[in-house]
Structures are given as structure tokens and as C-alpha cells.
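Visitor: So the protein sequences, as listed, match chains S and L.
Per numbering that gives the first Met the number 0, the first sequence starts with residue 0, numbered consecutively.
Per numbering that gives the first Met the number 0, the second sequence starts with residue 0, numbered consecutively.
Misleading hints may appear alongside valid ones.
One copy or two, it doesn't matter: identical chains are merged, so the pair holds either way.
The calculated lysine to aspartate or glutamate pairs, modelled on EDC-like cross-linking and capped at a C-alpha distance of 20 Å, are [said to hold, decoys possible]:
{"id": "1", "residue 1": "Lys-121", "residue 2": "Glu-105"}
{"id": "2", "residue 1": "Lys-121", "residue 2": "Asp-108"}
{"id": "3", "residue 1": "Lys-63", "residue 2": "Glu-106"}
{"id": "4", "residue 1": "Lys-63", "residue 2": "Asp-108"}
{"id": "5", "residue 1": "Lys-63", "residue 2": "Glu-105"}
{"id": "6", "residue 1": "Lys-104", "residue 2": "Glu-61"}
{"id": "7", "residue 1": "Lys-180", "residue 2": "Asp-25"}
{"id": "8", "residue 1": "Lys-63", "residue 2": "Asp-146"}
{"id": "9", "residue 1": "Lys-15", "residue 2": "Asp-155"}
{"id": "10", "residue 1": "Lys-229", "residue 2": "Asp-257"}
For the record, the hints were derived by calculation from the structure and aren't laboratory data.
All values derive from a computational prediction rather than experimental measurement.
2 protein chains.
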Amino acid sequence: MQFKLPKTPAVYVEGKDFKLADVDPDDITPFKRRPDDKADAEPRLIELRKRLSVLQELLYAEHKRSLLIVLQAMDTGGKDGAIENLLTGVNPAGVQVATFKAPSKEELDHDFLWRVHAHAPKQGHITVFNRSHYEDVLITRVHGLIDEKTCQQHYDDINNFEQLLRHSGTRILKFFLHISKEEQAQRLQARLDDPAKNWKFDPNDLKERAYWDDYQAAYEAALRNCSSEKAPWFVVPANHKWARDLAITEIVVAALEDMNPQPPEPDFDVKAQVIE
Amino acid sequence: MQFKLPKTPAVYVEGKDFKLADVDPDDITPFKRRPDDKADAEPRLIELRKRLSVLQELLYAEHKRSLLIVLQAMDTGGKDGAIENLLTGVNPAGVQVATFKAPSKEELDHDFLWRVHAHAPKQGHITVFNRSHYEDVLITRVHGLIDEKTCQQHYDDINNFEQLLRHSGTRILKFFLHISKEEQAQRLQARLDDPAKNWKFDPNDLKERAYWDDYQAAYEAALRNCSSEKAPWFVVPANHKWARDLAITEIVVAALEDMNPQPPEPDFDVKAQVIE
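The following block holds chain S by itself, in its conformation from the complex (with noise of 0.2 Å):
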């Protein structure tokens, strides 16, 4: 790892032989050994947002180099909420978040990177992508819209973009938020039976939910063939909201602080200027 990991519940995606079913979407090790912990974990989470809002203001000074976060789930799997949770605090004139639904006529006259390379972070700049050019290896592939070459080249052509991303300075981290078939349900009743979150279910989720072992293996495919030290994929166990969010805090800013944004020199000088 180009940085030093900070102890999460979260997997670091190495080689071939990964398997997504060995991580337990339950697992909050080593943060506490109950799951309902949750207010334990609030002071840190401050700490680390303080933090972060620190590092964000230094990348932007900098002006150099650039960081994506990725981040993938299955549906109900928290990617909003991850989202607004670490983004909290930050400025927002140097982040953006790119949503990704499905392509649209124009975009799908194009290549699948076509769309997503657009949003690809600007220098001093913090982007988050909600789904991503990921999705192009996921439903496609579970629905049989791709055959296996075309997947194989697809995966060259994500791991080729995300170097061309690195070449020009931008740091790379990928989360896939790892429910479990049953946080699911639990999740999708919750949207029926709060008249207050039906605006969040969508009938189709049902359907997809009956390829759930078809996604978990193309998930698995995608991880094992795009994930590295240099633009690593991490399974971030999140059944426990407070869990997930803790993890993915602590590891963007591990990987901040790895980058060390430094503001540039004054290029003036500071001492004989007066303001009158």
C-alpha cells in the first residue's frame, strides 16, 4: 500500500484469489466489541472530520494533485449516506460529487469511460463518484449486455484510465460497501414502511435483488481485477452505518495525510507589503 492503513473493519483487495464471501458485512473489529457502540465511535469521527477539512483546504492551496473516491454498493448499501457523512464539514467549492445513473443516449454514443473520465477531479480538488465507470463491469455483466472479452477489455480499460488519472496526480481509493442479502430486506422494509422514505424505493430493486449472487461474483470479478496499491479497491464491512462511516473516514484521511498537500511558497514578498 502506498499508505499506511489505519486499523478499520475495511479489506484491502489483493490478488486474484480474493474472496468478497470471507469478509463479514457484520464485522466492526477493531473499532469496538459491541455492535451498538455507535456513540464510542462519535469522538473520533469529529476528530478525524476536523481533520480533514484541514487536509481538503491544503490540497485546494496546493493546486497540484487531485483525489477520487469510488464508491460502489449493492442497492440500500449506504453510498448516500457515506457520502454525506464524510463530505460533513468540508468546503464545498473544493469537492464534488458525480452521480452516476444510467447512460444516457449521448453518452452511450460514446466509450464507457467517455462520461466518467469528464468528471475526473480537477487539480486541488476532492471528487466522489456514486457509481462509477464500475457499473459498466456490474449490471452489465449480470445481465449478459457484455460477453466475457468485452468485460477482460473493459477492466483493461479502467485499470489504463485510472493510471492515466495517477500519471497527472490524482490518488485513488474504491469503496464497495458490503451489506449482507438480509440488511437488505431489512433496508428495502424500512423504505415501505416509513411513509417518509417510500420516495426511496424503487419496485425495480426487487428484480435486482433476485440476481443478488450474480452481482456478489461480479463484484468480486471487478475487485479482484482493478484493485492495487495504486488505485486500491477496499471492502468496507456495512451492515453498521456508524462502522462504515468510520472506516472510509479514517482511510481518506490516512491517504491524505500520506499525500501531504503543502501550500505553495509565496511568490512575494510577504513582509514588505503594505496595506494602507
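Starting from the known structure of chain S, fit chain L onto it as the hints suggest.
Guide: Here is chain L on its own, set in the frame of chain S:
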């Protein structure tokens, strides 16, 4: 080569031993024996243009693949003239010309392929790049703005990028319009002597002319590193404009013939349609 190359003075760049100096900018073989035989080339050019117009319409109707034509040259090399000549009579609705000048501040805040990717051809379209991503391994290298390591990364990124486009059905043809230093002197002088051409003259061109040998070396290195059967570079002898234009048109038409675009089968019963 993916397609049967027509006989023209243009040279396909193959292998790391390619030498730019081996290509004579005055060459018109096998077109004609005398460089002033321009008139004899006209009938063939007219024939090719008709065919190009038909092939472009078929490509547009098929709506599955696309063609990217990259043009590079030294100043006064004839890019504008070559583009005008090639696209005469082609339906502009299916053709785009993207001209790349010095990058903007916004563009410099991204990787060097960001602005180029945005202009990649849509399905069914022909796009011509007037200058291109190759400027980032030419002018930047000549003026020492990038080091050797970055230049190699750029070659890799370029090759990967062009592979991505090919994966999505884009055929790529790249032409270097090769003029001699003496020819450039004459063309620059003509821009000074003829008031109607004054607007084309840029005093900065004289400064760049002083780097002639460095540019030739940078071109040679770029061509060696980024030419393959699937994304070929052609060096087009370009001292004689008619031979340059005929060579490019021959190759573009041959590539499109090889692509052999087919309109989709009607998804309705043609005979059953009644127009009242």
C-alpha cells in the same frame, strides 16, 4: 495492417527503427513522374470523394462505429488545407473537426487527455483532430516542459487511450504531413509577401522554426512509440499539396471500404407500410 494499403507516397510507420529522414517530403511516387502533374490527379480525387461521401453516409446509418483522423504537421505543413480537401462534399452533420490550440487554464487542471477525450467521435461519425493529444509529446518535449519519464508515461497513456477508443468501435488513422525546412521557408515567405495571407503569419512561427531539428526528433520518437497496425501513423510527403491530399484521401477511403459499414435492417415490415 488491418486493411490493404493503397499505393501512395505515404509511409506507414512500423517499428522502433523508423527514421523520419528516410522519407522524402518531395516524393510523389507512385502517383506521377513529374511533380507538376497535378491536373492528372484530379479525376482520381473526384472519384474518391464521391466514394467517401457514400461511405460516410453508410457509417452514419449503421451507427455502430466511428472514424478518428489525427493530423499533425510542422507550421505551414498544410493541416487546414488537407482537412478542407478531405471533407469537401461530405455531409457536415456526420463530421466534426476538433482543433486543439494551447490548453486553457481549465484544461490544464486535468490530465492531458481530458480535453481530447471530450471530442472523441460519436458512433456513426467521422472526427478529424487538427493537432491533438500528440502535442503533449511534441512541443512540451522540445521546450523541456516534460521530462523523459513523463514523456514515456504520455506514450503509454496515449496508446491506452487509443485502445479504449478502438474497443468501442473507433477506427484510428494518424497522418503526419511531412514538409522540408526549405518548403516551410517558402510558405512562411508567401504569408509575408501576399497581403491576403498576412493573417496566417505568426511571428512566433519563426521562433519555433529555430527548433526544427528538435521537432523532427520529437516527431520521430512519437511516431516510433505510438504507431501500430491498429492505430497507424502515416508519414505523408507534403511538399506537393496535390500529392498530400490524394494520399490521405486514398488511405481514408481504403480504411472505410475495409470497415464496410452496413445500414441496419429495418425493424418493421417495409412492404406493409402504407403512406396515405
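Visitor: Would you pick out the hints that fail for this structure and give their numbers low to high?
Guide: Hint check: nothing fails, all pass.
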